[in-house]
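There are 2 protein chains.
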Amino acid sequence: MEKTYAEIEKKILEARDISLVSHINPDGDNIGSILGLGAALRKMGKDVHILKVDDIPKNLLFLPRVEEIKPMEKRPDLLFVLDSSDEGRLGDGSKEILKANYIINIDHHKSNTLFGDINLVDASMSSTGEMVYDLIDFLGVELDNEIATPIYTAINSDTGSFRYESTSPDTLRKAANLLEFVDNKVEITKNLYQSRTKVQTEVIKIVLNNLESFDDLSLIIGKISLNDLERLGAQSDDTEGVVPFINEIEGYDVAIFLKEKEEGIVRVSARSKEVCDVSILCEKFDGGGHKRAAGATIEGNLDEAIEKLISAYKEL
Amino acid sequence: MEKTYAEIEKKILEARDISLVSHINPDGDNIGSILGLGAALRKMGKDVHILKVDDIPKNLLFLPRVEEIKPMEKRPDLLFVLDSSDEGRLGDGSKEILKANYIINIDHHKSNTLFGDINLVDASMSSTGEMVYDLIDFLGVELDNEIATPIYTAINSDTGSFRYESTSPDTLRKAANLLEFVDNKVEITKNLYQSRTKVQTEVIKIVLNNLESFDDLSLIIGKISLNDLERLGAQSDDTEGVVPFINEIEGYDVAIFLKEKEEGIVRVSARSKEVCDVSILCEKFDGGGHKRAAGATIEGNLDEAIEKLISAYKEL
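Protein chains in written order, with our numbering: chain A, 1 to 316; chain B, 1 to 316.
The set of hints was computed from the structure by calculation and includes no laboratory data. Watch out, some of these pointers could steer you wrong.
In this list, chains with the same sequence are indistinguishable; a pair is considered to hold if it fits within one copy or across any two.
[Claimed, not checked] Taking lysine-lysine and the DSS-like style, the derived pairs with C-alpha atoms no more than 27 Å apart in a straight line are:
hint: 1; residue 1: K185; residue 2: K110
hint: 2; residue 1: K110; residue 2: K190
hint: 3; residue 1: K314; residue 2: K190
hint: 4; residue 1: K291; residue 2: K185
hint: 5; residue 1: K58; residue 2: K261
hint: 6; residue 1: K205; residue 2: K190
hint: 7; residue 1: K198; residue 2: K314
hint: 8; residue 1: K291; residue 2: K198
hint: 9; residue 1: K10; residue 2: K99
hint: 10; residue 1: K205; residue 2: K261
hint: 11; residue 1: K261; residue 2: K314
hint: 12; residue 1: K58; residue 2: K205
hint: 13; residue 1: K99; residue 2: K3
hint: 14; residue 1: K95; residue 2: K46
hint: 15; residue 1: K70; residue 2: K95
hint: 16; residue 1: K11; residue 2: K43
hint: 17; residue 1: K52; residue 2: K99
Next up, chain A with everything else stripped away, as it sits in the complex (with noise of 0.2 Å):
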């Protein structure tokens, strides 16, 4: 690790113009990742360009400089990806993006296809913030709000405020030295966790409504249909939050939601509190992610849908 840390500084160095870019579907382990190691390059005197590919959720807004999250409009120079697990992340403009000159991936999923030209991967850490944290930590960057705030933001949302198993007690030490300069945490807790909107609260009555139970699979799974999505108006972050919130149902090792997407399309993401590992079931489905939280499109309605997961988790 030391050996690429001094490699990706070397980088650093050489570079004036530095490109950071989000994956599709940004979450805020990638969208707090981007802009606390972006902050820390422009502490270090570099020109910063943070690359969007998808819109930013709601209840990432907050963080500092995130308006600055733009379209590109050059080919990069030096260029990070961080938390994409493989190219696809990069979303559409991929092939123009990833024609920067040289690449740096850093990331944490155990299924990340080495695509950079420097591959600092290392899936026992709970998030990229985490990573960062320690990049930032090895360039002797001192921390402050603008970049504390987005590396708490990002290890705190990917591992559930620290309940998932992936949180170390490392974890807990750098959240910690972060905190400290964190100037309104209050707003990291409103934002993460205090943000269900009414159209997010009338989703999870429809999915407790619905839900189906597989007692002797230890399975249960929670599903809303296009037409209700539809009806309540739901953006694609209307639905987030709603795995969790079925995985804290006591009694089931796995939890799991469909979202049907579109006519034939499902969006299944899965989540285990001990034992099944959710990225193979997955993988089955041309998915993945980690250990206890994955997902993955299945082809079909939502009973075919749960029909191919119970077959495919049976396999298991």
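For chain A, the structure is supplied; the task is to place chain B on it using the hints.
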């Protein structure tokens, strides 16, 4: 503080037989703090008795040696009262229990009445668990799983998994040091945050279907009737988690949950995000707590309680 710690240490060293008492409606901070300090005192060679004054919530029964929490058998010599703002918290048998020869009162509620012979009260602390951590550190007792698991649980539960404003960088550092010694952190998360029962899920469904929001007051109220509770066969801990859930809805500074406990008696749980000091609101009804989390009991039916609360809230 140092002086108070030294006085407590002196008393512990002099004693052979030490009792610790839980409070009524015990929570994670209370039970965790008592079991953790009890384990540390045992490690110092003391005979330790942990006194039960009320039933232990199901989701805390995983804690090491929780089964040794028992009703009082003989008058305590040295007695620790933890996480209890006044003697009334010890329930009906409080008079007998408080006949102890010497009482050490450790608490983080600002309303603490300082009823002990020694009072270690610090409202700046996130939890009593955090204060017990500091005491054990002062005593020089080495951490192990039996000490660390309950204290980590205490801090974690009283900070809502490190989300509340009371969480300081030091809170996270202490949690990090404890986590080094926790044998099974998955068990803690499962019990604290992934153990919502079927009945609790039904309660949330009912509350969601009957939410009353007062946009101009930045107030949202959820409620459940005695009738519904009886129909569901709900126990007292089946309404745990409802008020934090309501407080997760965006756009309201204050979230209140009302539970009709008996005919004409309504239990109030209040939370706030960043403005209102709900302990002052609850004190108007002889309740109390913290700025961001407090409780009280109001006479009347649910509608009368809402009326009384709103008029008290408007006065603030």
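Checked hints:
1. K185 <-> K110: between (31 Å within a copy, 22 Å between copies)
2. K110 <-> K190: between (31 Å within a copy, 24 Å between copies)
3. K314 <-> K190: between (39 Å within a copy, 23 Å between copies)
4. K291 <-> K185: Between copies only: 16 Å across, 29 Å inside.
5. K58 <-> K261: within (20 Å within a copy, 39 Å between copies)
6. K205 <-> K190: both (21 Å within a copy, 23 Å between copies)
7. K198 <-> K314: between (36 Å within a copy, 25 Å between copies)
8. K291 <-> K198: between (31 Å within a copy, 26 Å between copies)
9. K10 <-> K99: For K10 and K99, only the intra-copy Cα distance (21 Å) is at most 27 Å; the inter-copy one is 70 Å.
10. K205 <-> K261: So K205 and K261 pass the 27 Å test inside a copy (18 Å) and across (25 Å) alike.
11. K261 <-> K314: within (25 Å within a copy, 44 Å between copies)
12. K58 <-> K205: Close inside one copy (21 Å) and across copies (26 Å); limit 27 Å.
13. K99 <-> K3: within (25 Å within a copy, 65 Å between copies)
14. K95 <-> K46: within (25 Å within a copy, 69 Å between copies)
15. K70 <-> K95: Classified as within: same-chain Cα gap 17 Å, cross-chain 67 Å, threshold 27 Å.
16. K11 <-> K43: Within one copy, since 16 Å is at most 27 Å while 53 Å is not.
17. K52 <-> K99: within (16 Å within a copy, 67 Å between copies)
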